[in-house]
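Chains as they are written, first to last, in my numbering: chain G, 1 to 478; chain B, 1 to 478.
Hints should not be assumed to be uniformly reliable.
What the hints assert, rightly or not - Among chain B residues calculated to face chain G with C-beta under 7 angstroms, some are:
| # | residue |
| --- | --- |
| 1 | 282 |
| 2 | 312 |
| 3 | 331 |
Keep in mind the hints are simulated off the structure, nothing from the lab. Every residue gets a Cβ at the ideal spot worked out from N, C-alpha and C, and that includes glycine.
Number of protein chains: 2
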Amino acid sequence: MNSNRRKFLRNVTVGAGTLLTGIDALANVTKDEADKSLSTSYEKEQQRFNMCGYAAPKLNVVRIGVIGLGMRGSGAVERLSYIDGVEITALCDELPDRVAAAQKTLAKMDRPKAKEYSGANGWKALCESKDVDLVYTPTPWELHAPIAIYSMKNGKHVATEVNSALTIEEAWQLVETSEATRKHCMMLENCCYDFFELLTLNMVRNGLFGELVHGEGAYLHDLSRDYLFNKKAYTNMWRLRENMKRNGSLYPTHGLGPIAQCMNINRGDKMDHLVSMSTNDFTLGAIAEEMAAKDAFFNEFKGKKFRGSNNNIFIRTTKGKSILIQHDVSTPRPYSRIHQLSGTKAMAQKWPGPERIAFGHQEVKAEELKALYAKYSPAIVTHIGEIAKEVGGHGGMDFIMDWRLIDCLRNGLPLDQDVYDAASWSSIIPLSNLSVNNKSRSVDVPDFTRGAWKTNKPLDLTLNGGGTTSVRKLAPKQ
Amino acid sequence: MNSNRRKFLRNVTVGAGTLLTGIDALANVTKDEADKSLSTSYEKEQQRFNMCGYAAPKLNVVRIGVIGLGMRGSGAVERLSYIDGVEITALCDELPDRVAAAQKTLAKMDRPKAKEYSGANGWKALCESKDVDLVYTPTPWELHAPIAIYSMKNGKHVATEVNSALTIEEAWQLVETSEATRKHCMMLENCCYDFFELLTLNMVRNGLFGELVHGEGAYLHDLSRDYLFNKKAYTNMWRLRENMKRNGSLYPTHGLGPIAQCMNINRGDKMDHLVSMSTNDFTLGAIAEEMAAKDAFFNEFKGKKFRGSNNNIFIRTTKGKSILIQHDVSTPRPYSRIHQLSGTKAMAQKWPGPERIAFGHQEVKAEELKALYAKYSPAIVTHIGEIAKEVGGHGGMDFIMDWRLIDCLRNGLPLDQDVYDAASWSSIIPLSNLSVNNKSRSVDVPDFTRGAWKTNKPLDLTLNGGGTTSVRKLAPKQ
Chain G
1 MNSNRRKFLR
11 NVTVGAGTLL
21 TGIDALANVT
31 KDEADKSLST
41 SYEKEQQRFN
51 MCGYAAPKLN
61 VVRIGVIGLG
71 MRGSGAVERL
81 SYIDGVEITA
91 LCDELPDRVA
101 AAQKTLAKMD
111 RPKAKEYSGA
121 NGWKALCESK
131 DVDLVYTPTP
141 WELHAPIAIY
151 SMKNGKHVAT
161 EVNSALTIEE
171 AWQLVETSEA
181 TRKHCMMLEN
191 CCYDFFELLT
201 LNMVRNGLFG
211 ELVHGEGAYL
221 HDLSRDYLFN
231 KKAYTNMWRL
241 RENMKRNGSL
251 YPTHGLGPIA
261 QCMNINRGDK
271 MDHLVSMSTN
281 DFTLGAIAEE
291 MAAKDAFFNE
301 FKGKKFRGSN
311 NNIFIRTTKG
321 KSILIQHDVS
331 TPRPYSRIHQ
341 LSGTKAMAQK
351 WPGPERIAFG
361 HQEVKAEELK
371 ALYAKYSPAI
381 VTHIGEIAKE
391 VGGHGGMDFI
401 MDWRLIDCLR
411 NGLPLDQDVY
421 DAASWSSIIP
431 LSNLSVNNKS
441 RSVDVPDFTR
451 GAWKTNKPLD
461 LTLNGGGTTS
471 VRKLAPKQ
Chain B
1 MNSNRRKFLR
11 NVTVGAGTLL
21 TGIDALANVT
31 KDEADKSLST
41 SYEKEQQRFN
51 MCGYAAPKLN
61 VVRIGVIGLG
71 MRGSGAVERL
81 SYIDGVEITA
91 LCDELPDRVA
101 AAQKTLAKMD
111 RPKAKEYSGA
121 NGWKALCESK
131 DVDLVYTPTP
141 WELHAPIAIY
151 SMKNGKHVAT
161 EVNSALTIEE
171 AWQLVETSEA
181 TRKHCMMLEN
191 CCYDFFELLT
201 LNMVRNGLFG
211 ELVHGEGAYL
221 HDLSRDYLFN
231 KKAYTNMWRL
241 RENMKRNGSL
251 YPTHGLGPIA
261 QCMNINRGDK
271 MDHLVSMSTN
281 DFTLGAIAEE
291 MAAKDAFFNE
301 FKGKKFRGSN
311 NNIFIRTTKG
321 KSILIQHDVS
331 TPRPYSRIHQ
341 LSGTKAMAQK
351 WPGPERIAFG
361 HQEVKAEELK
371 ALYAKYSPAI
381 VTHIGEIAKE
391 VGGHGGMDFI
401 MDWRLIDCLR
411 NGLPLDQDVY
421 DAASWSSIIP
431 LSNLSVNNKS
441 RSVDVPDFTR
451 GAWKTNKPLD
461 LTLNGGGTTS
471 VRKLAPKQ
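Start from the sequences and build out the full structure, keeping to the hints where you can.
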């Protein structure tokens, strides 16, 4: 890194202390910052190598090491075992009993035993191993970026669970490491592979929405009692603790990813700036009080400060479109990711149900929506969608994602989600925190492509020489 | 006015020139403004007289003068004619033929002929007349504040169509005139009287939502071809021209009014600050081109600059809740005002339909929603709702509003919507313009109650000695 770069990183790190990770203070901004929107970006640096559209050398067999075998990871091991041309060569979790449980899954799927890693530094040893091409990592959030960076530095492609970064500095390190090593860094944004999302993406490509004007995505899902305050859910209550570290949106990518793909973010347009607003905390602090009154285990959370219950973000793109992203995981309400697209010729909205598409004042009838599915579902869905529904994983989208990732690696195709998507989508977390802590001041979104967005091509919705990866006969469900 | 006040007004007026009404320029803000959110408010002034909860002397008969007899006004004359204890003594429109048409409506309803006013200054003469207690004014937007202020100065109560003000200065003049004259200034926000909105308001009062955290309202209604670009719709295309005068939201109160009532805005809480984002114009400019190509009448709109197609606003209240307000009247999509309430115990959403209420992960079934309507519809609905559906006007809400207004005036009750509601709800138009023109910078919302919000009581949902006003037998529909 040149000295400017180091200097920049120091500044951001200093900024990160006061601006990015605070949960209550109105951060002090310099006069210099105050007369424009806040910025953490540095446009002078040149891109070393463009990872957008990058095709890595073909891998006939993809040797996978899975790090993180808790709630999300255990399911991943089973799903990946259905895919031919895959060898799960390594399993890692801090807790050895989870590794043992994953070995049982491999046995059930007639897969050979994998090498075992555990303990606090097990993941580093796995990343250094010679038997792994792809590190697949559903760990607690704080480990995503460190594992992704260490994997690439050790010559591995990496597929990391959302969110791939918690700070702007981590996001830039993902970009610089991927460009320097020419290893893929894909964020496993599974919601980009859901059926209505892929339908609307392909309809946008075919011009049915005209020019997109506005999009909306969200993560509205009451996790408070069943997950955040559930002793059995997340090791050492890590996910609840994340709600005590920073204000703003903790989980924007499920809503943003599919909208960003429809708007060709980083591939013809980019996110320019955002503003974010959080309410006070009306929920988590109260639940902590209530739980502590029943169970001393929760005493440590009593009287603590939690992020605001409801967070909203507006993002404006360089080409003048807007995106609304919402986050609320602690009020009682039905699940929603919204997924709304509003264009000059049509609009679509998935939640609240039923799924709806309109080309004017009226929504299309159910049978017309069915016809649109038949005509505009992209190749990846028509090719693997039905099998994916059988394998499952959030209704099939998880398996479409896994299969597509492996099929691209085996055929030397670019991945649907590159490191710029991982960095920019995840950067919304610290940027929304920064805006919230500065009375919703507008904040520039760094251009992680450093100009390449102007010429980067939209992701390819055809199989383009792929689709050669077969799926194993389904084992009887246990 | 004291000199400080005059000085303030000059500053705001200067500000208004550069900040409030611009449609494209990024306004210059002073260093002094730049290190905090922008502000147009002045907290030092004291309230002269609190019009919140103010009960004017009873009027046994309410003599009404209607100004503006176009699309909205003609319907108002018929609706008001159904109400006993009302005399429509004066009719005014710039165009005499509209006055004549309204006289026919009165005749049809067996009402006596009213005095006629027309021409550019007809409205002033009506306001000065001795035969009018209440001026009811559905005119083009730019006349709302001038007519309301002149009506009160001439000793009349005024009921003005939305929006009641287009600038912060107009909003303050409404407040100061109402306080000085002790005349009611009610904005006719009819959406506050729709059935689901009143149901949820009463459910909030009964604690079914716990503490409200977040609310959403909107005006999403494609008016572009049927109204804005319709030669026959609005005199001299005034409503289309409004889209060329300012950026931001032009029409926030239909969405905001019902949410503001649920959150007790100006009556226990207040709007503290907002941020607003607009997209580019992707619609109106293109339609102007298209229309001009077919009809030279539209040449004057060709190549003109229109406000951004889609506008979004976040408002944060002093007690830490948030409100999302959306405006889009030119993309093809189904009608929606959203009306979403999210609280610590329940959530509700009206659009997209069906109407839904949830006390957890699942929405209540249709029969449970019906039971909630039966149990929690407030007195005004159970008293007049069914008759209102017969009379009509947006499904009945217009007549509920008209009847309630007259019944309160006849019984000397405070009005549901006071001048502080009219001023603060309407102020969102120039404030969103100011934020949009300053890269979504946060903007303080003036406290039009000047502190009285802390002790003002929520509006009364009982009839409280009212309900004495009868409705005439319905005439056969023509």
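Hints, one by one, checked against the model:
no., hint, in the structure
1, 282, "holds, 5 angstroms"
2, 312, "holds, 5 angstroms"
3, 331, "holds, 5 angstroms"
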